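Use these hints to put chain B onto chain A, whose structure you have.
As given, the protein sequences belong to chains A and B, one line each in that order. For what it's worth, the working numbering labels the leading residue of the first sequence as 1, then goes sequentially. For what it's worth, the working numbering labels the leading residue of the second sequence as 1001, then goes sequentially.
One or more of the hints may lead you astray.
As the list claims (entries may be wrong) - Coverage of chain A stretches by chain B, computed from C-beta distances (three or more under 8 Å per stretch; other residues unrestricted):
id, stretch
1, 153-165
2, 263-274
What the hints assert, rightly or not - Sample of chain B residues at the chain A side, in silico, Cβ under 8 Å:
id, residue
3, V1043
4, G1081
5, A1094
6, K1179
7, K1239
8, D1244
9, D1261
10, P1388
11, S1392
12, I1399
13, M1403
What the hints assert, rightly or not - In silico DSS-like pairs for lysine-lysine, Cα to Cα no more than 25 Å straight-line:
id, chain 1, residue 1, chain 2, residue 2
14, A, K174, B, K1239
15, A, K74, B, K1314
16, B, K1166, B, K1282
17, B, K1171, A, K174
18, B, K1322, A, K74
19, A, K74, B, K1422
20, B, K1124, A, K74
21, A, K174, B, K1389
22, A, K74, B, K1389
The set of hints was computed from the structure by calculation and includes no laboratory data. In this text, all values refer to a predicted model and were calculated from it rather than measured experimentally. C-beta atoms are modelled at their ideal positions from N, C-alpha and C, and glycine is treated no differently.
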Amino acid sequence: MGRTFSVLRGRMANGQVGNMGIGTEIDRELEEGRKKLLASKHRFMLGLVIPALVMLAVFEIYPVTLAFWTSLHKVTLYDTGRPFVGIQNYIHLFTDSHFFNTVLPNTFIFTFAGLIAETVLGISIAHLLNRRFRGEGIVTTMLLFPMMVAPSIAAVLFAWLFNSQFGIVDVVLKAVGLPAVSWLSGRWTAMLVILISDVWLWTPWFAILLLAALKVQPPSPLEAAKIDGANAWQVFLHVTVPYLSPVLTICMLIRTFDLFRQFDQTWVITSGGPARSTEFFSIYAYKEFFEYTNYSSGNAAALMGAIVMLIFGLIMYRTFARLTGGEKASG
Amino acid sequence: MKKRIYIVGLLIALCFVFLATPALAKIKLRVSFMPFPVHNQQVDWMKKWADTRPDVELITVPLSYDVYYPKVSNSLRASKGEFDIVWHNDDWGAAWMNFLEYVDDVNNFDDINPYLWKFCFRDKNGRSTAVPFVSTSAGLFYRKDLIPELPKTWKELQDLSIKLQKEGKTKWGYVTGMKFPHAYYSFLAFMWANLGDIVYPPFVRDYDMLEMFGWQPDVNDIRVIEMLEFWWDQIHRYKTVPPDNISYSRTAALAIFQAGDAAMTGQDAHLYGDMNDPAKSKVAGKVGVAPFPSGPRGNGGLSWDVPWAWGIPKNVPPENKKAAKELLGYLLTEEIQVDLWKKTGGIPVAGVARRSLSKDDPIFAQFAKATFESPVLVLPAHYYPKWPKIHSIFTDYCIKAMMGKRDDIRKVMEQCSEEIIKAFAD
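Pulled out of the complex, with its shape left as it was, chain A reads as follows:
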């Protein structure tokens, strides 16, 4: 290969190449050399990619394929036979009134509520911290604390905070003359506790990423807007938010997926109760799979969740990109 190019370089230097047409010996040599180079490059690149491909095949493709196969068969812990049942498990899922009346609405309500709360709070905190003040480093570090706590541990903490017998929340409510609330015995109050724990855990993540973006925001558009007479709100809405849109879009997308498949806090705080009223997609699939050891319907539910998430994600991505003017992000 190296020899071919050195020959070519030599001939080009002597002006021989320019005098020769396509299909000549040199062209062929050039073509062969290029092919050899490409083949060698391809081999090298393939070598680099193979470990990742193997990992992908073992840990992604194989489990998903197996899950799909299982969803088309009847596989339980206690039956040794695994008969083919076609789409029966999917029919079971789509005809389950609990799935449609409780699980899906819960999942979407929680996703939207969490996303809005975390985004608004995250932007607000980032905006507040985007200035020089004494103790800036300490405040920013403290903001990271919730992110250092494992979600399940945070969930235990919140379950006790809202415990009606020993929890501090009811003590405070009573102290200010409000009635105690049985937080975990109603659908919406229990959902609220899960939501608060999630907001507490993940708002700092939003705030830190947005703060990083704000710190490198060029001052000239802000100054220009101020000179043009824009007030603080207008500057924020028409200058800062569009500037943040690429980061914001990615943050919101990631959190949308996380919220959609939320499991840890819900499992620890309510386990989907009372009476399955706080079940989300993930809890539904988990219960089918692990509690009832009905592996087929558990897998069907999980795969359906993945498809819904994929469609939902695409819609969200386009919507966010359009709303925030993040054309670059969508491209």
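Relative to chain A, chain B alone:
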């Protein structure tokens, strides 16, 4: 130079011999268990046994109750098992049966009353797939300093709770677990104490007979409805029970009892040790036990006498199975079984320990009367493979009934019945 080569060669050869010597390769016994007083006691004795066995290395793996069943079920299904000994609950007997070794040949197994294993762990060949180690008999635990006369009926329990609350002696009357899978001491115990059951005919656990009756749910029967009305009244009408009791696990309920905020609780007997531990409980030394009170259609106090056990998965090497069997036989010796009672309040399964304790220990004698000698004994699970799902459906609908109007209880339980029919047909 030659000498040095010989020495190096010799050292290398020794290394090979050392690595290849089978006598030095220890059998690793991995034990999965739930961290709970009775399990901890067993694990302590397992460690003592392992200390006497240089050929065995014991590895204990505590797993939370909430993830125990799914985690171990998956391990049992795998071609190579993760655990050599697994804690086994009577509830899961039918579901795990095909994955566990026969263990009725371990030492001292014959000393266990067959009643303790034949309903839950016996397979179609009539052999046991688990070795019981403790009876999970449950009862009504009460404050002896507050309650001079025990409630024998629901009505007495209700009146007593109201009286104690009015006198300001207690915050709550009876607090116990209600959420799945902790409803044994509320919905289930009280349903059985009113002679109701989930599947018709009540109290029957024989597959063939249940099959003959078409796996017919009985949850909208008057005996079950009465039980739910009783609980609804305690939560909403008389307020003797915390309003969010429907979200309590047995641990949450025990915390309230041990904090001195409830006069009574329903719990497994083996938690008596915790209730009586001054470091953990404000009511230590004041706790008594009785059978669950009888409903209006009941025949007297109720309890159960079913085991928690150890099992040996089929998917582990033969030498591990052999060592595991030796260990499980050792755990049935009188010394360890008596220690189980003394340390935790767990009721032993070995006949020799039950006999000696009944004779020598008055508190044990009281426990015996309240639990495994109570007037009505029930098998507190239905030992068919779908029991975890049926149990979960039943508990969820009971809670749903508590969340709605009293007049809607029957309607809710009719829905529950339909769900159970679907689950059996599925």
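Hint check:
1. For a cut-off of 8 Å, the count of residues in the stretch 153-165 of chain A with a CB near a CB of chain B stands at 3, and the three-residue condition holds.
2. Against chain B, the stretch 263-274 of chain A contributes 5 residues with a C-beta closer than 8 Å to a partner C-beta. That satisfies the three-residue criterion, and the hint holds.
3. With 8 Å as the threshold, the beta carbon of V1043/B stays out of range of chain A, its nearest partner Cβ sitting at about 24 Å, so the hint is violated.
4. A least Cβ separation of about 15 Å between G1081/B and chain A goes past the 8 Å threshold, and the interface hint is therefore violated.
5. The beta carbon of A1094/B is positioned within 8 Å of a beta carbon in chain A (closest approach about 7 Å), and the interface hint is therefore held.
6. For K1179/B, the shortest C-beta to C-beta distance to chain A is roughly 5 Å, which falls under 8 Å, so the interface hint holds.
7. The interface hint given for K1239/B is broken, as the beta carbon of that residue sits about 12 Å from the closest beta carbon of chain A, more than 8 Å.
8. Proximity of D1244/B to chain A holds as hinted, the smallest CB-CB distance being about 4 Å (cut-off 8 Å).
9. For D1261/B, the interface hint holds, since its Cβ comes within 8 Å of a Cβ in chain A; the closest pair sits about 7 Å apart.
10. At a threshold of 8 Å, the smallest CB-CB gap from P1388/B to chain A is about 6 Å, leaving the interface hint in force.
11. Below 8 Å, beta-carbon pairs count as interface contacts, and S1392/B has one with chain A at about 6 Å; its hint therefore holds.
12. The restraint placing I1399/B at the interface with chain A holds, with a minimum CB-CB distance near 4 Å, inside the 8 Å limit.
13. Interface restraint check for M1403/B: the shortest CB-CB distance to chain A comes to about 6 Å, inside 8 Å, so the restraint holds.
14. Taking the CA atoms of K174/A and K1239/B, the gap is near 18 Å; set against the 25 Å cutoff, the hint holds.
15. At roughly 23 Å between alpha-carbon atoms, K74/A and K1314/B fall within 25 Å of each other, so this suggested pair holds.
16. Note on K1166/B and K1282/B: the hinted pairing holds, with a Cα-Cα distance of about 21 Å set against a maximum of 25 Å.
17. Our distance criterion of 25 Å between C-alpha atoms is met by K1171/B and K174/A, whose separation comes to about 16 Å.
18. At roughly 35 Å between alpha-carbon atoms, K1322/B and K74/A are farther apart than 25 Å, so this suggested pair is violated.
19. Only pairs whose Cα atoms come within 25 Å are accepted, and K74/A paired with K1422/B is accepted, the gap being roughly 16 Å.
20. Distance hint between K1124/B and K74/A is fulfilled; the C-alpha atoms sit about 23 Å from each other, no more than 25 Å.
21. For the proposed pair K174/A and K1389/B, the alpha carbon gap of about 40 Å is over 25 Å, so the pair is violated.
22. Only pairs whose Cα atoms come within 25 Å are accepted, and K74/A paired with K1389/B is accepted, the gap being roughly 16 Å.
Consistency with the previously given hints fails for numbers 3, 4, 7, 18, 21, ordered from lowest to highest.
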